[in-house]
Amino acid sequence: MSLRGVSLDLGSVPADVTWLDSSASTNDHLALSVPGPSPRLAVTWNQTAGRGRLRRTWLSPPGTSLALSIDLGHLAVSRVSEPWLGAFPLLLGACFADAVSTELGAPVSMKWPNDVMIAERKVAGILGEIPAENRIILGIGINVWGVPTGIGDTSATSLGEHGLPDSNALQTILVTFLKAFFDRVEKASDAPRTEDWDFVKRHLVTLGRTVRATLPGGTVLTGVAESLDSAGRLIITTSSGSHTVSAGDVEHLRSV
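So that you can map any letter, position 217 of the sequence shown is 249 in the working numbering, and since no number is skipped, the others follow by simple counting.
Bear in mind the hints are in silico, worked out from the structure with no lab data behind them. Some hints here could point you the wrong way.
[Said to hold, decoys possible] Taking CB as the label site, the calculated pair distances span:
| hint | residue 1 | residue 2 | range |
| --- | --- | --- | --- |
| 1 | S271 | S221 | 39 to 45 Å |
| 2 | A223 | G68 | 20 to 26 Å |
| 3 | D48 | R286 | 32 to 38 Å |
| 4 | T242 | A279 | 17 to 23 Å |
| 5 | H106 | T80 | 17 to 23 Å |
| 6 | E152 | T269 | 21 to 27 Å |
| 7 | S272 | G240 | 16 to 22 Å |
| 8 | Q203 | T242 | 35 to 41 Å |
| 9 | I267 | A56 | 35 to 41 Å |
| 10 | E218 | L52 | 24 to 30 Å |
C-beta: ideal position from N, C-alpha, C; glycine also.
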């Protein structure tokens, strides 16, 4: 394992933190353990069977990519609702993007519904799951010092490629983004606030773009991503009218 793949001090984050030498999936580690009232984090530099949306494989080279999962604990009880389930990945991603941008000065943004990008290349992906009633687990995989092999030269990037100097800077990013996320969730209570959606939209470069959305059933929509609704669903305007998309793969198209 890379010497850079070391445990970091996340003690100021309002959650119980466990660093794992390795894990098949940090989301599964939390889901299969006994829940408690407090939020919990599981973090590893060696995730061996990570996954993204639609059960896709998330590759995590040991010591170079970080897998971090959050069990919201008591914060989930009043937040298992349509607005929150749509908001959680977007809000988590926006908090991460904001922290990275502040620390590195890099052009960080989000692509709906769950990708964080630097200069249009993916640096992190987010997966939310409900393993049991009143439980919510959110995972984020971060390319820190390198990118997975075999996925193409231009589709992914890492924090290291954009000036991350050392583990201290990474620790600052993680603490900043996690504290900001927990703060927003606690203050919002039953539903995300207008200011939380505004925060998300400031980082979501999908809005206003011409996109191609491939829906789970195979339907393809091409049009302009106009806005988000109150549950975080993407509203796309095509030649046939307005469509509300709750799930799918979105590709940003170049303007002609």
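Going through the earlier hints one by one, which of them does the structure break, listed in rising order?
3, 5
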